[in-house]
Amino acid sequence: MASITPWPQPSSTPQRRVWSAFSTTPQAPTTQRPLASSPWSTSSWLAGPMGSRCPPVSSSRPCSSGPPGGGIVRMTLSLTVIMMEATSNVTYGFPIMLVLMTAKIVGDVFIEGLYDMHIQLQSVPFLHWEAPVTSHSLTAREVMSTPVTCLRRREKVGVIVDVLSSTTSNHNGFPVVEYTDDTQLARLQGLILRSQLIVLLKHKVFVERSNMGLVRRRLRLKDFRDAYPRFPPIQSIHVSQDERECTMDLSEFMNPSPYTVPQEASLPRVFKLFRALGLRHLVVVDNHNQVVGLVTRKDLARYRLGKGGLEELSLAQT
1 MASITPWPQP
11 SSTPQRRVWS
21 AFSTTPQAPT
31 TQRPLASSPW
41 STSSWLAGPM
51 GSRCPPVSSS
61 RPCSSGPPGG
71 GIVRMTLSLT
81 VIMMEATSNV
91 TYGFPIMLVL
101 MTAKIVGDVF
111 IEGLYDMHIQ
121 LQSVPFLHWE
131 APVTSHSLTA
141 REVMSTPVTC
151 LRRREKVGVI
161 VDVLSSTTSN
171 HNGFPVVEYT
181 DDTQLARLQG
191 LILRSQLIVL
201 LKHKVFVERS
211 NMGLVRRRLR
221 LKDFRDAYPR
231 FPPIQSIHVS
241 QDERECTMDL
251 SEFMNPSPYT
261 VPQEASLPRV
271 FKLFRALGLR
281 HLVVVDNHNQ
291 VVGLVTRKDL
301 ARYRLGKGGL
311 EELSLAQT
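Numbering (full-length UniProt numbering), first residue to last: 1 to 318.
It should be emphasised that the hints constitute simulated quantities derived from the structure, not laboratory data. All values derive from a computational prediction rather than experimental measurement. Some hints could be false.
When the alpha-carbon atoms are kept at most 27 Å apart in a straight line, the in silico DSSO-like pairs for lysine-lysine are as follows [claimed, not checked]:
id, residue 1, residue 2
1, Lys-298, Lys-272
2, Lys-156, Lys-204
3, Lys-272, Lys-104
4, Lys-156, Lys-202
Using the sequences and the accompanying hints, generate a full structural model.
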């Protein structure tokens, strides 16, 4: 009579039996390795120094921990990626983004975000997406910078050097005007940047008499691109006394059609032009197309909505 092998006693450690294809007797039991002990598992990397294991992440934990951060700092996409990387599970992406968007929308209804509040407290000249609510009564005449330093279409080199070296002409755009023969009106012809003038002075693009044929052969577009973005200061450009008497024709290098607004234009309209077109300078003209002012980004950023209504920031130290 064949002997019967006793069945092994169960143990606390998970075991796995291996059966032979030619025998009904089970082989020696092998211990199954826990998933958490695998060196490539997430739990093994999160194990503490005493050998404790992190509990499995519940689906409600990322969704419940995201809204406080999204409602305070108003971050949606970046915070969603951070939460997905922390949980190592991409299936939580849509619900996390959904709750973050809800927290942001609800927070925008009641109060500004944390970063916007710090910008207000520090009086930083930051250009917001929309103009202040109470700014409809303001016009471009009230926010523009005056007086404006203008250059003639054919200007002396000495005048250009003095304008760039002056501390009062600290803006980066200069309207180009031309005086008519019959009247003393200086009509707007274009706009030229400070960086363009520095490149023209650096390459000596001026002659004793206006002769643009010589200028075109001596200057190329590559000369402007090579100087970008760190243009040399005006103090590093040497101009002799004889060169100061030369003439520079700005008509070939200026922007002949800059954006302009009448001086009666409202502040929200000026604000939308800056935000939609990414402008840095906006020329303010009168009914005769004369330059009366210049609006820059800093001119718009200094107006904000305070507790007592629309207030103006002091940008002397900014």
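Hint by hint, here is what the structure shows:
1. For the suggested pair Lys-298 and Lys-272, the alpha carbons sit about 15 Å apart, so the restraint of at most 27 Å is met.
2. For a cut-off of 27 Å, the pair hint linking Lys-156 to Lys-204 stands: about 12 Å separates their Cα positions.
3. A distance of roughly 24 Å separates the Cα atoms of Lys-272 and Lys-104; the hinted pair therefore holds under the 27 Å criterion.
4. As the CA atoms of Lys-156 and Lys-202 are separated by approximately 15 Å, the hinted pair is consistent with the 27 Å bound.
Violation of the numbered hints given earlier is absent; every hint is satisfied by the structure.
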